[in-house]
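Produce the entire structure from the sequences given, and follow the hints as far as they go.
Protein chains in written order, with the numbering used here: chain A, 1 to 248; chain B, 249 to 570.
Simulated from the structure, these hints should not be mistaken for laboratory data.
Please note that a few of the clues may not be correct.
Taking lysine to any residue and the SDA-like style, the derived pairs with C-alpha atoms no more than 20 angstroms apart in a straight line are [what the hints assert, rightly or not]: (1) K563(B) <-> E468(B); (2) K264(B) <-> I17(A); (3) K388(B) <-> I17(A).
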Amino acid sequence: MKILVCISHVPDTTSKINFTEGDTKFDTNGVQFVINPNDEFGLTRAMWFKEKQGASVDVVNVGGPETEPTLRKALAIGADSAIRVNTEATDGFYVAKQLAKVVQDGGYDLVIAGRESIDYNGGMVPGMLAALTGANFVNTCIGIEIDGDTATAIREIDGGKETSTTKLPLVVGGQKGLVEESDLRIPNMRGIMMARKKPLNVIEPVETTQETKAIKFEKPAPKGDVTLISPDDVGQLVTLLHNEAKAI
Amino acid sequence: MSVLVYTESEEGKFKKAAFEVASYAKEVANMLGTTVTAVSINASDSSELGNYGVDKVLEIKNDKLSTFNAKAYAGALQQAAEKEGAKVVVVSSSANSKFLVPLLAVHLHAGYASNVVALPESTAPFTVRRTAFTNKAFSKTEISTEIKIIGLSNNAFGLKEASGAAMAEGFDPSLSDADFALTVTAVDKATDKVSIADAEIVVSGGRGLKGPENWGMIEELADVLGAATACSKPVSDMGWRPHGEHVGQTGKPVASNLYIAVGISGAIQHLAGINSSKVKVVINNDPEAPFFKAADYGIIGDAFEVVPQLIEKLKEFKTNNA
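Okay, here's the thing in structure tokens:
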């Protein structure tokens, strides 16, 4: 089984978000970048496939040279080889088109991508990639098993979960649940040393159009002060929620 | 060239989000000087949609579509959009909508903006305001394709009633076997509980509750309010509560009218995930908890004393306002 895990290079979840160049660009100054958390759950799940069912695992990122440390981290965690599509990830459709080329050239059976990146939150790349390559698709996936060419997947729905079966090739929009937080792997020294020798192939982008464009960013307006209520007067909270906030 | 809106239903009844996307679509249609066409799939009474500005409903009744199927639903919506010559398609942010829209976007060659929180700022160029960086920022985004798809955030626009009649028309999209390449074998859904996505009010518990055995009062508080229950990341990681309840940056986003956090300190990732909620209340015994900076109302106190009192006061309130 050939598995491809799509890796987004995103600011660490604790990052303070700022913008520059007249609020048109994300300010990377002082920001630590990581593997997108939704992708990291998928990467770990792919490692299990590799160890238990003998799969090969490649990772891919669409981005400039600055994203290579993130791909090396994925290699240190255990991926076999990495691909970087050398272009700026401008919007979801553009990224999906680049990945579609990689998927078609590589003949992957299973593609695991995060359900969304935690930076632009488009939430469209996995589905678009499936549509572009003609693969089956399961979004918000929290569990997957493969037997031969049949996949059984569990996805999160509003208020519960749903199990389905389908055939490979399959694209999965993954999230926590594919593996648990405690299953995530921190690269060890041996992994880091080996990652240096693993292939990281840089390929040039295919020409395609961009459908959407982020023109300007804005931070939420600062919040007013909290209204504190004494723990001895809890009824006051009910009154305020009803009369002032009109929330109940 | 009407505005097309996908109005979701469950067991024949429209979801609240369906009326919200219809209300939104009506305003967009007004901006463009056109009408609204809704697509309903196995809904029993589509005339309700007229109350939210829908002019015409393409009613699909098909047993094969009784269970949600992203590919088949996307195919049906694509055919509806083509039949109507729609230039704008509006959908909700439900799990099912987010599942099918990327497929629809590719098939319609449409640009898609998700998590949109307001009406288009302009229609030429077509720009929308959406959340980015998991609610830590907003992004003004231009959609430059001929057909545009807008994914509206839950609770971002609200309901706008209109007085009109929706003309119903049967619609029978052609579906192929390939559309059903995925077979749903089991659905596990609590029918007696409000889901976080649909909830007006969410009550959420954190590590301050000390253990899963103490969740009774969170559930009781949620019951009194008709709210959904949620939890912080550590609580789901420790297995006190199911993952489906984890709200925050790597969990579910919450955009309820009221969010009540009990024993949650308010890590930056948690606050990002719940930022779109309109009114935020925190109950925590640590006055230094960062949540107090993000909340509208706060009680510094022991949750085990405050919450039972709050439940009593809410019960009194409900009796007096019944």
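Checking against the hints above, which ones are violated?
-> 2
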